[in-house]
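Given only the sequences and the hints, what does the whole structure look like? Please build it.
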Amino acid sequence: MENLNHNMNTNNNEELKIAASFDIPYVQHLNHEAKIEQTLPDFAHDKEFLHNLYRNMLLTRLFDKKAISLQRTGKMGTYPSVLGQEAICVATGALLEKEDIFLPYYRDIGTMFMRGVKMEEVLAYWGGDERGSDFQNPDVKHDFPFCVPIAGQCLHAAGVAAAVKYKGEKKCVLVSLGDGATSKGDFYESINVAGAWQLPLVTVIHNNQWAISVPRKLQTSSYTLAQKGIAAGLESIQVDGNDIIALCAVLKYAIEQARQQRPILIEAISYRMGDHTTADDASRYRPASELDSAKIKDPISRLKNFMEQNSYWNEELETKLLNEITNKINQAVETYLNMEKPKPTTMFDYLYKELPEAYQDQYQELENL
Amino acid sequence: MPAITLVEAVTQALDYELTNDKNVIVFGEDVGANGGVFRATDGLQKKHGIHRVVDTPLAESMIAGLAVGMSTYGIKPVAEIQFMGFIYSAFDHIISHAARMRNRTRGRLSCPLVIRAPYGGGIHAPEHHSESTEALFAHIPGVRVVIPSSPTRAYGLLLAAIRNPDPVIFLEPKRIYRKVKQNVENNGEELPLDTCFVLKEGQDITLVTWGAMVHETLNVAKTLEEQGISAEVIDVATIKPLDIETIINSVEKTGRCVIVQEAARTCSVSSEIAAQLAEHALTSLFAPIKRVTGYDTIMPYFKMEDDYMPSEKRILDTVQQVMEYA
Numbered sequence: 026m027e028n029l030n031h032n033m034n035t036n037n038n039e040e041l042k043i044a045a046s047f048d049i050p051y052v053q054h055l056n057h058e059a060k061i062e063q064t065l066p067d068f069a070h071d072k073e074f075l076h077n078l079y080r081n082m083l084l085t086r087l088f089d090k091k092a093i094s095l096q097r098t099g100k101m102g103t104y105p106s107v108l109g110q111e112a113i114c115v116a117t118g119a120l121l122e123k124e125d126i127f128l129p130y131y132r133d134i135g136t137m138f139m140r141g142v143k144m145e146e147v148l149a150y151w152g153g154d155e156r157g158s159d160f161q162n163p164d165v166k167h168d169f170p171f172c173v174p175i176a177g178q179c180l181h182a183a184g185v186a187a188a189v190k191y192k193g194e195k196k197c198v199l200v201s202l203g204d205g206a207t208s209k210g211d212f213y214e215s216i217n218v219a220g221a222w223q224l225p226l227v228t229v230i231h232n233n234q235w236a237i238s239v240p241r242k243l244q245t246s247s248y249t250l251a252q253k254g255i256a257a258g259l260e261s262i263q264v265d266g267n268d269i270i271a272l273c274a275v276l277k278y279a280i281e282q283a284r285q286q287r288p289i290l291i292e293a294i295s296y297r298m299g300d301h302t303t304a305d306d307a308s309r310y311r312p313a314s315e316l317d318s319a320k321i322k323d324p325i326s327r328l329k330n331f332m333e334q335n336s337y338w339n340e341e342l343e344t345k346l347l348n349e350i351t352n353k354i355n356q357a358v359e360t361y362l363n364m365e366k367p368k369p370t371t372m373f374d375y376l377y378k379e380l381p382e383a384y385q386d387q388y389q390e391l392e393n394l
Numbered sequence: 003m004p005a006i007t008l009v010e011a012v013t014q015a016l017d018y019e020l021t022n023d024k025n026v027i028v029f030g031e032d033v034g035a036n037g038g039v040f041r042a043t044d045g046l047q048k049k050h051g052i053h054r055v056v057d058t059p060l061a062e063s064m065i066a067g068l069a070v071g072m073s074t075y076g077i078k079p080v081a082e083i084q085f086m087g088f089i090y091s092a093f094d095h096i097i098s099h100a101a102r103m104r105n106r107t108r109g110r111l112s113c114p115l116v117i118r119a120p121y122g123g124g125i126h127a128p129e130h131h132s133e134s135t136e137a138l139f140a141h142i143p144g145v146r147v148v149i150p151s152s153p154t155r156a157y158g159l160l161l162a163a164i165r166n167p168d169p170v171i172f173l174e175p176k177r178i179y180r181k182v183k184q185n186v187e188n189n190g191e192e193l194p195l196d197t198c199f200v201l202k203e204g205q206d207i208t209l210v211t212w213g214a215m216v217h218e219t220l221n222v223a224k225t226l227e228e229q230g231i232s233a234e235v236i237d238v239a240t241i242k243p244l245d246i247e248t249i250i251n252s253v254e255k256t257g258r259c260v261i262v263q264e265a266a267r268t269c270s271v272s273s274e275i276a277a278q279l280a281e282h283a284l285t286s287l288f289a290p291i292k293r294v295t296g297y298d299t300i301m302p303y304f305k306m307e308d309d310y311m312p313s314e315k316r317i318l319d320t321v322q323q324v325m326e327y328a
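Chains A and B, in that order, give the protein sequences. Going by our numbering, the first residue of the first sequence is number 26, and it counts up by one from there. Going by our numbering, the first residue of the second sequence is number 3, and it counts up by one from there.
Be aware that a few hints might be false.
Straight-line Cα separation of at most 25 Å, DSS-like style, residue types lysine-lysine; simulated pairs [stated by the list, open to error]:
1. 48(B) to 192(A)
2. 143(A) to 91(A)
3. 181(B) to 202(B)
4. 190(A) to 123(A)
5. 315(B) to 224(B)
6. 143(A) to 166(A)
7. 49(B) to 190(A)
8. 378(A) to 315(B)
9. 90(A) to 329(A)
10. 329(A) to 60(A)
11. 192(A) to 49(B)
12. 123(A) to 166(A)
13. 181(B) to 24(B)
14. 322(A) to 90(A)
15. 345(A) to 90(A)
16. 143(A) to 90(A)
17. 183(B) to 202(B)
18. 24(B) to 195(A)
19. 166(A) to 24(B)
20. 190(A) to 48(B)
21. 60(A) to 100(A)
22. 72(A) to 329(A)
23. 100(A) to 90(A)
24. 181(B) to 315(B)
25. 190(A) to 24(B)
26. 60(A) to 353(A)
27. 192(A) to 24(B)
Hints listed in this document are in silico derivations from the structure and should not be mistaken for laboratory results.
The following block contains the structure:
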């Protein structure tokens, strides 16, 4: 890391006393060629565990592709692709326990699916239907819906974590956010209170290098995003966000820490391979060469490569999986497309627990239309 | 039963709910050992412990954001924003999350929370400590905005706010925190939300107000009585959702209406009341609806504060103008 006190050192011959110093560990088990960089954890040879990770990453990617095509054909609204970040989603989904609470940022569909949110619910949300956040699976009854205002979910997560701690539960609360969100006050305020109150909170930054058109280097001059956690007194780790083995190892540790009221910050380095949303055109601001070099680090082919090297995977399994996933996605799309439009008066039905008298005129007005 | 002030009634209501509902948590800046800068939480941390009455880091957006998260998970947050002038950084969480959570999840999650804030002018406070911006919150679908005007109503309405299943913004008129004392029985009985209180019945004119201005308005009603004019005085109390029916019923009886508020005039709660009266009670009116309000200016610093605030004279003059119509 560059010396942040460079000017002060050159102006002073005496050696400065150091008030504090810190390190940010970087964890990578498999490099982009799926070669081993660090000793592998045991689970890296648990074939079923790997299959589950691979299945969910592929599902996330194919769903994503389908969602974009639904938008392109006028069957869904604006949609933010998660292309390239599937490993972070899936590692998170694999390591959280059912009773934990998850607060996503708006790309984090892979985690949501693994926790029990239905694909048709995500489609409904981006298809302009509030019912998309009324998750029907009781396993996710406390999980939050997407948070569109950037970084707001960080504070909600701190609030849920404070409630969990107050109730004396041993659950973990996990919140995800993008790199742009780390510039916001809500992010800083959330990690600050997480440290001050020692909340059972894991904060996972999906650093995909771009916040719409603004690259990571224009977002902050902080050398890493992870080190922002140090200022709040949080253990902070950087991880290769395209190496699902490293992600699982780091998240396993982080979630254990959080359960013991030790909040922790993780910066997962990845890359947004798609546009910001279907309403965006990244070619306006991003060189094609950058995308090409990012594709080499793809998280899904990396795990597949590793599994093939170890004879945990073959083309027969791949074909079978692709069929299974494609059918599942198609079923969800069909369910979504067959959803009837909600009755207009439902816009009043969930405004308050009971609709106040003051709203009755407007309710009638709409009902009589 | 000793007589207590409005701010003591707030403390008493918080104490009652902390005692009787283990899921209630009071938090905010300086609410713990210090008991709040106005002493609204005086003694509560000592009695209920540091996990129930919690000092937060100094960040208003955080206070509201935490309340959103907690309230979805079975905790009843009663958060204090130290002055209304500092609530704006918390506005995002109130408008974008607390107010919307029930609707956007079709009832799966909801935010039963209370955000308390002292508001209004008249105490010669520094800049940013005197505004009345209740209309900003009244505009937001999904929240309630409640403003007590006496110790009795502070106690009963705050209990109701804490027990309400939806987010409530509870604005405390700090000018009258210690103005009057009332005997308030600590019996846990709440007052109804979403309803106006008719404080004085009358036949000739309806005076509509809320918060601290209730006191000037009642004084004016007394003066009017001496002049042979019988004024009905309505304390709106819950400005969102608005109980317009009580106001309409009164205006149908009196045919005249003056609305009194500290807040600036344009797009204010008085605008809404006047508009609804125009929609529903026009044929009952003998005179135009008039408003006595703060000016559409920045709230002046305290040297000119009294020039800004609606005085009894301004209210009286306006009532007399309205009474001149045949």
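(message) Hint by hint, where does the structure go against what was stated? Just the numbers, ascending.
(response) Per hint list: 8, 13, 21, 26 violated.
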